[in-house]
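J.: Following the hints, put chain B in place on chain A, whose structure we already have.
Here's the letter readout for the chains.
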Amino acid sequence: MANVTNELGNTSTTGLKKVRRLPPEFSILLVLLGIAVVFEILGWYFVGESFLANKQRLSIIVLQVAVTGIIAVGVTQVIITGGVDLSSGSMVGFIAMVAASFAQTSLNARAVFLQPEYAAFGLNWFIDSSPLWPIMVGLLLGLLLGWLNGFLIAKTGIPPFIATLGMMVSVRGLSKWYTLGQPVALLNERFTWFGQSFEVAGFPVPRTVIVFFLVAIICHVALAYTRYGKFTYAIGANPQAARVSGIDIGKHLIKVYAVAGLLSGLAGVMLAARAQSGQPNMGVSFELDAIAAAVIGGTSLAGGVGRITGTVIGTIILGVVTSGFTFLKVGAYYQEIVKGIIIVAAVIIDVHRQKKKSRA
Amino acid sequence: MTEPNTISPQTMKAVRSSGAVPGSDYLLEVADVRKEFPGVVALDNVELRLKRGTVHALMGENGAGKSTLMKILAGIYTPDSGTFKLRGQHIRLKNPLDALENGIAMIHQELNLMAPMTVAENIWIGREPMNRFGIINHAEMNRMTEALFKRLDIDIDPEVTTGTLSVANRQMVEIAKAVSYNSDVLIMDEPTSALTDKEVTHLFTIIRALRAEGKGIIYITHKMNELFEIADELSVFRDGKYIATCNSADVTRDDIIRMMVGREITQMFPKETVPIGDVVLKVENLTLDGVFRDVSFEVRAGEILGLAGLVGSGRSNVAETIFGVTPASSGSISINGKVVHIASPSVAMKHGMAFLTEDRKETGCFLPLDIQDNTQMAVLQHRYVHMGFVQQGQLSKDATEMANRLRVRTPDMSEPIINLSGGNQQKVLICRWLLTNPKILILDEPTRGIDVGAKAEIHRLISQLAGQGVAVIMISSEMPEVLGMSDRILVLHEGRATGTLTREEADQVKIMELASH
Chain A
776 MANVTNELGN TSTTGLKKVR RLPPEFSILL VLLGIAVVFE ILGWYFVGES FLANKQRLSI
836 IVLQVAVTGI IAVGVTQVII TGGVDLSSGS MVGFIAMVAA SFAQTSLNAR AVFLQPEYAA
896 FGLNWFIDSS PLWPIMVGLL LGLLLGWLNG FLIAKTGIPP FIATLGMMVS VRGLSKWYTL
956 GQPVALLNER FTWFGQSFEV AGFPVPRTVI VFFLVAIICH VALAYTRYGK FTYAIGANPQ
1016 AARVSGIDIG KHLIKVYAVA GLLSGLAGVM LAARAQSGQP NMGVSFELDA IAAAVIGGTS
1076 LAGGVGRITG TVIGTIILGV VTSGFTFLKV GAYYQEIVKG IIIVAAVIID VHRQKKKSRA
Chain B
509 MTEPNTISPQ TMKAVRSSGA VPGSDYLLEV ADVRKEFPGV VALDNVELRL KRGTVHALMG
569 ENGAGKSTLM KILAGIYTPD SGTFKLRGQH IRLKNPLDAL ENGIAMIHQE LNLMAPMTVA
629 ENIWIGREPM NRFGIINHAE MNRMTEALFK RLDIDIDPEV TTGTLSVANR QMVEIAKAVS
689 YNSDVLIMDE PTSALTDKEV THLFTIIRAL RAEGKGIIYI THKMNELFEI ADELSVFRDG
749 KYIATCNSAD VTRDDIIRMM VGREITQMFP KETVPIGDVV LKVENLTLDG VFRDVSFEVR
809 AGEILGLAGL VGSGRSNVAE TIFGVTPASS GSISINGKVV HIASPSVAMK HGMAFLTEDR
869 KETGCFLPLD IQDNTQMAVL QHRYVHMGFV QQGQLSKDAT EMANRLRVRT PDMSEPIINL
929 SGGNQQKVLI CRWLLTNPKI LILDEPTRGI DVGAKAEIHR LISQLAGQGV AVIMISSEMP
989 EVLGMSDRIL VLHEGRATGT LTREEADQVK IMELASH
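Protein chains in written order, with our numbering: chain A, 776 to 1135; chain B, 509 to 1025.
Derived from the structure by calculation, the hints contain no laboratory data. Treat the hints with care, since some could be wrong.
[Unchecked claim] A few chain A residues that face chain B, going by a derived Cβ cut-off under 7 Å, partial list only:
id: 1; residue: Thr1001
id: 2; residue: Arg1002
id: 3; residue: Ala1009
id: 4; residue: Gln1015
id: 5; residue: Ala1016
id: 6; residue: Val1019
id: 7; residue: Ser1020
id: 8; residue: Asp1023
id: 9; residue: Val1080
[Unchecked claim] For each label pair, taking beta carbons as the anchor points, the in silico distance ranges come out as:
id: 10; chain 1: A; residue 1: Leu805; chain 2: B; residue 2: Lys869; range: 25 to 35 Å
id: 11; chain 1: A; residue 1: Ala1107; chain 2: B; residue 2: Lys869; range: 41 to 51 Å
id: 12; chain 1: A; residue 1: Gly932; chain 2: B; residue 2: Ser842; range: 48 to 58 Å
id: 13; chain 1: B; residue 1: His646; chain 2: A; residue 2: Gly809; range: 53 to 63 Å
id: 14; chain 1: B; residue 1: Asp920; chain 2: A; residue 2: Phe936; range: 20 to 30 Å
id: 15; chain 1: A; residue 1: Ile1112; chain 2: B; residue 2: Leu605; range: 26 to 36 Å
id: 16; chain 1: B; residue 1: Lys869; chain 2: A; residue 2: Ser945; range: 34 to 44 Å
id: 17; chain 1: A; residue 1: Gly932; chain 2: B; residue 2: Gln899; range: 33 to 43 Å
[Said to hold, decoys possible] Examples of chain A residues lying across from chain B (beta carbon under 7 Å, computed):
id: 18; residue: Asn1013
id: 19; residue: Gly1021
id: 20; residue: Phe1100
Being a predicted model, the structure only gives us computed values, none of them experimental. Here a beta-carbon is modelled for each residue, glycine too, at the ideal position from N, C-alpha and C.
So here's chain B without its partners, still in its complex pose:
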């Protein structure tokens, strides 16, 4: 694994501070990087070369492996294998601090600032200027901050509490913090997702200034127009694999989309044609203030409605609102033609809804509990309980039958769910909802992190359920899944429905066009 000529991060740090910068066109070169997570190959021998003084965009669908690669570059993950060269020298980063001290700084998508602290304290945390008694010199720290902000043309008071800043300003502070480490490589993960046009312009000015200083910027984005405005080069990833690197001047928007989604649909989606029945769920002008607005659609019995859109488009929020997790600000939901008020998940369940959430860990599994308890928790709300006592005999039998049907691979229903692989945990959660006999089934990323075999099983199951007259809403970031399974596809962009495509007219390019702008 370790090449003989690999030098330690400490040595690299020393060489760097001595000012003797080894000559190399590339700031950063990685090749043959492989990273596996249990059950998933996140990165399959990918490569990336970042030139000095360029903005390099990373493109790919959700789950293409961009974020994993960035986390490897920033020292958060360690790759299973691969070579890693920084300024022409082999290096092995052990942790984020290693990366930072070697001039690689990452600006996270979800901001990492400590809200109760001041801007200056946030920027210099761990490196505060101190007097010889170890007391922090705040005046000096604020001066340093001001100097830094002046260089970047940022106008923020260093002494203001970070929590009171707008998202855009917090983003600026994050960037200033990254620059303050004298980083040569800056990684920005969708930095404009929360910014207004004016703020984006300002950000781009800063990025251009940094580029002029010879820094390399890795820029992850889903927005095509930004790409052409700021990026010099771009690399495309798909399904954990490296596809290509090109000059952004040499390619068109369509080329990029094709490279991003251009895989053959080798997996057969066992979508059966089933008779479509009456409208079961009708959503009109559904709004959740500040998240999504005026979303309207209907789903019929036996129909699978795909919800497509980028992360942050509001797909999951719409699902959560329909299920009562975050009740709507306005708009109406009707079930079987009757307007209902869904104030909580328990009300939604009473109306025959089931909701498989996106995040298995956060909102799905009861990790300390066993498979049996995890399977039965939702159905206990309305069934299998007599005088307060759980009718465990019948329930265990039915739960086990369901687990067998979905081929949950476990020796025992009393196994803690934490010991199962991600795919099996997902199957247990699907069991949980199927036990409730839903009429409306909402699935948010039903096959995320699941291997191909299990995926096909889950797809077959979804198809079967639709065949039995269940109305299915399926959210997925995977285009082939959306295209393969859906009867109709509703595309969301920034909290608004931008279009509905029928199964016949939908293709990946059309969806991407509706999903970006």
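Chain A extracted, bound-state conformation:
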């Protein structure tokens, strides 16, 4: 501490200016490149072909991570406030079910909406109707469940871990209850269009990926340039100081969790469109992949630190690792083992970074 003071004293600048420095994501980007290069080399060595020079593969990497990426963007904001959201995977599953049920066609002999007996009440006007219905219903449901998370945390003072754990278990139950465990398939093509790819210069670009990047850009702007973002960082950095600075912590937390819920809803809708169906077990453990992506991307579980750009890179790292192992024909079991190690390693680096910072 004393050294730093001296250093600052020596520079003795009273005129303040902006100094450009490398963004904190730079090191994570290097990690991503490093991993890609390792797979490239191993690819030539073991498989005899390039890992990266393959349009199909690159497209699959981003496609695989787009859904978890969307919820990772939401959970990043929650983690920046010093909280956590475990319920996103279950929400994705439930909302995929609900969205799918609103996107059914008359081809499906057995219209599923809530439990079958409700169909008798004429609640099947949505069959063959606009794809906006499943999207709107999915987003609203996500917003509502996320709001409920925030409300529980803000008003009862229970830890976010517990509130969202409860939500995770209950909502998973809901997604099974909704159709008594039946999948919903044969969906409206105007709805599944959102899950398809289109070609740009021979490159298959999934629309899900476009949605993911749009969400990432919007949330990055929100975190970096709006009052919403500033308050999010403030609450995570020091809740007591935030309160004294006039920030209504409860109100703001509800907003952040509602945004995370909304993004889980969006992810659920996109997943249903891509899979052209809704299944009660969709999205299992997505919440953990999302948290892992955020943490790998430099978001600190202690709160107050994290950026969407880092999370996007973290998400892609997870995608590259999964795809790379498949490419090298490494068994699924090994993949999981290594994925776990990567997550832990990322947090060790994070803890180390924190320590170095506080020593400074």
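T.: Below, chain B without anything else, positioned relative to chain A:
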């Protein structure tokens, strides 16, 4: 640094357990102890000698260095330099456990017991009697506790959960725990601050018993009457310096106060006389249950009201309540003649208030964030935001201008605030509140831990703000600051306002009299 004849704590421990106690009149002697914290000299070559079988009181204003010295004695801090003799032998303590094993035990002001555990478990933690399988023998542990309590005449069930005990009883457990280490030196930091008269009497009985056993007790207190009742000797500290040691029988209360506060006011406080305007803030019978009661005062535009009192007198709590951090239980707050209900800091800010809190780390800085964010966080609540977007261009310009005006020493506004010295962090926090253009400015210890130059700058700034018609409430433990800056001084004692002094009639002795009793 290490003298050749310094022996290791391990050796000392071995010698002690062999029973061969080296002869020395003094249990503990320290001299030339120096301790610096970044930007502050906490202790400047102080000394202290503790005789066997005495109660030795440490006196001094807040910030005089008593607590720092105690933490050095208890092995919590390591001094930068100085000699340290325990029972006549040089020793160097490396950590609190070292101190404990060498017979120095500290009873902390904020109690350190683990609430969910039983009394016996708390006392013997880490030293539990165990059978050969490593299983704790609770029956034996409770017996040991009972024996200990009997010796000290304490009546507490060893098996009761510590959290359910009253503060006084927890204090007793702490003392018993310290004694259980067979400590020769017991350090008590304001042990009576939370006790009733009857409990104090009991505590004194215990202290006298320990003294009769030949133990040395270092006793920190602000209460004069206690001092004369229990202490044999006393040492006075001021501004990190050692002033004197005397027999308590040889001095009077006035002598001690003079020694404690008797510094020359060498610093010039740039207090300007400014026209005092209308009453801006009026507080009537403000009460926060269990903390303070019936506090009433008013502050006018351009006026600086000093809030004086000892730590724990409720000064900071009054400020927190006015600002809505802990809304009042009863009483009223009026601003510009209108009664307002301040339910949260955001409401207080809407009424033009700003509040610089006492604890920079706990309630001030956003440590992971940069200077820019730290400066702008409060003002964002009401200004510089358009359609949700922060108008960063204008805000950065204004924040930088403010930081330059207060001479925040940093190369860059995007520097993390954690890299700044305490004084500069404080200036950033003052910037934060000045950006909100407050009409009522509450400053809790605005210059704590700040070097002299920065202090004068902050004082000048406070004066300027008052000149611009801001009503200022300033809490400070530093007498010269309170006397130098305030137009009027309100003194609190144990949650009650004990008097108001005008600038003309106030002096250090009068304030100390109102602040103690």
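J.: Run every hint past the structure and note whether it holds.
T.: Results for each hint:
{"no.": "1", "hint": "Thr1001", "result": "holds (5 Å)"}
{"no.": "2", "hint": "Arg1002", "result": "holds (5 Å)"}
{"no.": "3", "hint": "Ala1009", "result": "holds (5 Å)"}
{"no.": "4", "hint": "Gln1015", "result": "holds (5 Å)"}
{"no.": "5", "hint": "Ala1016", "result": "holds (5 Å)"}
{"no.": "6", "hint": "Val1019", "result": "holds (5 Å)"}
{"no.": "7", "hint": "Ser1020", "result": "holds (4 Å)"}
{"no.": "8", "hint": "Asp1023", "result": "holds (6 Å)"}
{"no.": "9", "hint": "Val1080", "result": "holds (5 Å)"}
{"no.": "10", "hint": "A:Leu805 - B:Lys869: 25 to 35 Å", "result": "holds (33 Å)"}
{"no.": "11", "hint": "A:Ala1107 - B:Lys869: 41 to 51 Å", "result": "holds (48 Å)"}
{"no.": "12", "hint": "A:Gly932 - B:Ser842: 48 to 58 Å", "result": "violated (32 Å)"}
{"no.": "13", "hint": "B:His646 - A:Gly809: 53 to 63 Å", "result": "holds (56 Å)"}
{"no.": "14", "hint": "B:Asp920 - A:Phe936: 20 to 30 Å", "result": "violated (37 Å)"}
{"no.": "15", "hint": "A:Ile1112 - B:Leu605: 26 to 36 Å", "result": "violated (41 Å)"}
{"no.": "16", "hint": "B:Lys869 - A:Ser945: 34 to 44 Å", "result": "holds (39 Å)"}
{"no.": "17", "hint": "A:Gly932 - B:Gln899: 33 to 43 Å", "result": "holds (34 Å)"}
{"no.": "18", "hint": "Asn1013", "result": "holds (5 Å)"}
{"no.": "19", "hint": "Gly1021", "result": "holds (4 Å)"}
{"no.": "20", "hint": "Phe1100", "result": "violated (35 Å)"}
Hint violations for this structure: numbers 12, 14, 15 and 20, all remaining hints satisfied.
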